[in-house]
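*Asks:* Residue numbers (the working numbering), protein chains in the order written: chain A, 35 to 119; chain B, 4 to 471; chain C, 9 to 279.
Simulated from the structure, these hints should not be mistaken for laboratory data.
Quick reminder that beta carbons are idealized off the backbone N, C-alpha and C, glycines included.
Among the hints, erroneous ones may be present.
As the list claims (entries may be wrong) - Some chain A residues close to chain B (C-beta under 8 Å, calculated; not the full set):
{"id": "1", "residue": "S41"}
{"id": "2", "residue": "Y42"}
{"id": "3", "residue": "S44"}
{"id": "4", "residue": "I61"}
{"id": "5", "residue": "H62"}
{"id": "6", "residue": "V64"}
{"id": "7", "residue": "V65"}
{"id": "8", "residue": "E67"}
{"id": "9", "residue": "E71"}
{"id": "10", "residue": "Q72"}
{"id": "11", "residue": "G97"}
{"id": "12", "residue": "R115"}
{"id": "13", "residue": "E119"}
To be verified - Anything over 12 Å on all C-beta distances counts as not near chain B; from chain A, calculated:
{"id": "14", "residue": "G70"}
{"id": "15", "residue": "L77"}
{"id": "16", "residue": "D95"}
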Amino acid sequence: MNVSAGSYESNDCLITLEPAAELECIIHSVVKEQFGEQIELVLKQTLAGHNITHVKLVINDKGALDYTIKARLETAIRRMRDLDE
Amino acid sequence: MTKKPIIFSYKQLPEEIDIHDFKNISFHHHLRNGDTVLNNVLQIYENEHVKKLNLFPSAIFPAYTKILDLLKNNQINGITTNYMNGPVADYLSHQPLPGKITMQTHGGRARRILNNQTTLDIAYIASPYVDPYGNAIGYKGKSVFGSMGYAIADAQKAKIVVLITDKLIDTKLEDPEIDGSYVDYILQVDSIGDTQGIVSGTTQITTNPIGVKIAKQTTSLIKELGLLKNGFSFQSGAGGISLRVTENLKEEMVHLGITASFFSGGITQYHVDMLEAGLVDKLYDVQCFDLAAINSLRKNTNHMPISASVYANPEDPNQVIKDLDIVILGATEIDYDFNVNVTTDSHGKIIGGSGGHSDTASESKVSIIVSPLIRSRIPLIKERVTTITTLGKHIDCLVTERGIAINPKRQDLIDKLSKTNLPLKTIKQLQEEAFKYTKQPKKLKKYDTMIGDIQDRTNKIIDHLYKK
Amino acid sequence: MSRSFLFLPGNNPGSLQNLDIFNADSIIIDLEDSVTFDTKDEARDLVYHFLSKFMFKTPSIYLRINDISTPFFNDDIDVLDSLEFKGYVLPKATKESVISLSKKTDKSIIALLETPMSLVKSEAIISLKQVDAVLLGAEDLTTAMKIESTVSRQEITYVRSKLALECAAHETLFIDTPYTDKDDLAQLKNDCLQAKILGANAKSIIHPNHVDVVNTVFSPTTHQIANAKRILKKAETHQKGAFNLDGKMIDKPIINRAKNLIAQAKKYQLL
Numbered sequence: 035m036n037v038s039a040g041s042y043e044s045n046d047c048l049i050t051l052e053p054a055a056e057l058e059c060i061i062h063s064v065v066k067e068q069f070g071e072q073i074e075l076v077l078k079q080t081l082a083g084h085n086i087t088h089v090k091l092v093i094n095d096k097g098a099l100d101y102t103i104k105a106r107l108e109t110a111i112r113r114m115r116d117l118d119e
Numbered sequence: 004m005t006k007k008p009i010i011f012s013y014k015q016l017p018e019e020i021d022i023h024d025f026k027n028i029s030f031h032h033h034l035r036n037g038d039t040v041l042n043n044v045l046q047i048y049e050n051e052h053v054k055k056l057n058l059f060p061s062a063i064f065p066a067y068t069k070i071l072d073l074l075k076n077n078q079i080n081g082i083t084t085n086y087m088n089g090p091v092a093d094y095l096s097h098q099p100l101p102g103k104i105t106m107q108t109h110g111g112r113a114r115r116i117l118n119n120q121t122t123l124d125i126a127y128i129a130s131p132y133v134d135p136y137g138n139a140i141g142y143k144g145k146s147v148f149g150s151m152g153y154a155i156a157d158a159q160k161a162k163i164v165v166l167i168t169d170k171l172i173d174t175k176l177e178d179p180e181i182d183g184s185y186v187d188y189i190l191q192v193d194s195i196g197d198t199q200g201i202v203s204g205t206t207q208i209t210t211n212p213i214g215v216k217i218a219k220q221t222t223s224l225i226k227e228l229g230l231l232k233n234g235f236s237f238q239s240g241a242g243g244i245s246l247r248v249t250e251n252l253k254e255e256m257v258h259l260g261i262t263a264s265f266f267s268g269g270i271t272q273y274h275v276d277m278l279e280a281g282l283v284d285k286l287y288d289v290q291c292f293d294l295a296a297i298n299s300l301r302k303n304t305n306h307m308p309i310s311a312s313v314y315a316n317p318e319d320p321n322q323v324i325k326d327l328d329i330v331i332l333g334a335t336e337i338d339y340d341f342n343v344n345v346t347t348d349s350h351g352k353i354i355g356g357s358g359g360h361s362d363t364a365s366e367s368k369v370s371i372i373v374s375p376l377i378r379s380r381i382p383l384i385k386e387r388v389t390t391i392t393t394l395g396k397h398i399d400c401l402v403t404e405r406g407i408a409i410n411p412k413r414q415d416l417i418d419k420l421s422k423t424n425l426p427l428k429t430i431k432q433l434q435e436e437a438f439k440y441t442k443q444p445k446k447l448k449k450y451d452t453m454i455g456d457i458q459d460r461t462n463k464i465i466d467h468l469y470k471k
Numbered sequence: 009m010s011r012s013f014l015f016l017p018g019n020n021p022g023s024l025q026n027l028d029i030f031n032a033d034s035i036i037i038d039l040e041d042s043v044t045f046d047t048k049d050e051a052r053d054l055v056y057h058f059l060s061k062f063m064f065k066t067p068s069i070y071l072r073i074n075d076i077s078t079p080f081f082n083d084d085i086d087v088l089d090s091l092e093f094k095g096y097v098l099p100k101a102t103k104e105s106v107i108s109l110s111k112k113t114d115k116s117i118i119a120l121l122e123t124p125m126s127l128v129k130s131e132a133i134i135s136l137k138q139v140d141a142v143l144l145g146a147e148d149l150t151t152a153m154k155i156e157s158t159v160s161r162q163e164i165t166y167v168r169s170k171l172a173l174e175c176a177a178h179e180t181l182f183i184d185t186p187y188t189d190k191d192d193l194a195q196l197k198n199d200c201l202q203a204k205i206l207g208a209n210a211k212s213i214i215h216p217n218h219v220d221v222v223n224t225v226f227s228p229t230t231h232q233i234a235n236a237k238r239i240l241k242k243a244e245t246h247q248k249g250a251f252n253l254d255g256k257m258i259d260k261p262i263i264n265r266a267k268n269l270i271a272q273a274k275k276y277q278l279l
């Protein structure tokens, strides 16, 4: 079962999580050339903060700033955990 | 005056004209995205397998897809234009031409045609209202588009001039925009396009709060610079923020009881309303952006169609914009030296071009760039723009939602503003403010396969286009 | 001391990250009506991370949380209260819900009065210590009363007057209901003037393009500023208290009011 948070609208991003054998981050972004690495860093740090290592994460980004990416991922993580319980 | 030969269909074209021999062909873009003439004419070139064409459309819009077919058939050698957007621009960003892309300005294009630096073999001129002598106007007919400004130089200088029309009248036209003495053929067709297509999404006044804020700051800036006085002249273009500035100025003018001498360039409903309200004496119209502008051009003698040369050719003694006080312009990027890019996006993809940008910035007493500081995480301000459309020496002010930067070369303006409440910042300070939100973007690798030139209006090559 | 309270939707990053450019004296980040039920957690997380990252000296930041009858009320406060912001806007406020909220936070509270009963019992709410301001929510009120909203806003004359009087009595700010037509700035101005005449101190706003009009109407006028300056100048030479100016008696309350007005004018850069 996968969960998602956010939206594919300007300045926002849509993040989807689903259980997986290992950690995988797939980044689609209108600013991937300029900020792809930064987006990946924020995602991986946030996941590490929750000790999440077995998940497939897909982000569809339309220019979200770091705080938005982090917030959307936090929401998705909580929704995933709520689903597990 | 003799009658002109009339051609009755596109199919007859190759019988009348040796289209294989005359490679340099031009079009105008007045019907913008509603134009069907360019596609229909080029269909003939495709059918006849004409090779090594050099296209000189004054601009290329998304609907001009026949160019794409010719590109794929390898029929095109070079393209010279002032603006391009859509699938053709996308394609050209990735696929080099055998020749090259040359990006010009509206004034520069007219200048080069008129002083014979550009040789046009055939000018195909979509014309809404034509008499049997080849005289034409743009503001009457079935498929009206208003001013024919961008086609005038082509008509005067091309070796062969073909008017394409869907309204051929019997009587002689007085005061035509295109003088029939230059015209060789009239091609009569069912339709030259759809008038509705001239209205694009950008010609609407913005209600976006960030745009509204920028417009407000710009209006304050114009006031504080002392430019808002009786008889001033102004050009706003048709961008949403620029139109909002126009609206704000209107309120100020009514409040102050002053009037403007002229507005120039692309004309919209907003400019027409001010003409009709007596707030401006004359509209010098090189291009109509909506139906209200066309209607006004038809009935109001103070709303005058002008050619691209009279508009912006630096060698034209009647050049209108040399008397321009204020111009409001957009930017996709601006750099530390105030160079502006409206030609490519930050990834190097072609998305536009100068049009009148660098012409008006060069001539206007004060040029003002209006733009959001950040668009989808991409900061407006860079150390160096991806492509220079207009040199920084012609750009005086930048207005964003987070402050105003004045080009240090304009110390006179900085002095005037020093005692005001305006949020003045250096361009680097503004960039730092943007980075607080976006973080610093990674520098993209510079592409190295040159595919075209950016010419300014004085014929100088000021930058190049590179294959993405 | 604010003239304008601009609502911005809490789940919209584009609005949040531009909240300081609209010239509003205060911003109300909304977690209630502009956020759908299934995105309440998204909005809360977004606002949390936004306010953790960005600090503002101006404008003042308020959060409109969800009302006490919802499961989101406690979550909103528990997650967000530790952050740096000025206070809460409490929707469907009652005396009991304000007290409940005040037990959970030391931040200031703006009570949003929007039900008939809350307006009947408004003074009991206004008199509570932590209530720094009340905001009239006329749309919900008129809907509950089954009356039409009119352009002239005649239907809310009484509640405006009632709140103005009670707020004045308890030295609490009275924030008027927002004007809802995005494009009609002329009528917005009339609406502001009407509210000001009846005693409103400020106005809430639901579109950024309304801020300038609201700020202008609720600013001291140049005439008021000039007068206050004259009063203060003369007061300097009359250390003993009351004196005469233009045939009017000037005493301590009037001098204090002049001082406040000048302080306001300074804050709003009108001097």
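*Asks:* So, against the hints stated earlier in the document, which numbers end up violated here?
*Replies:* 1, 2, 4, 5, 12, 13, 14 and 16
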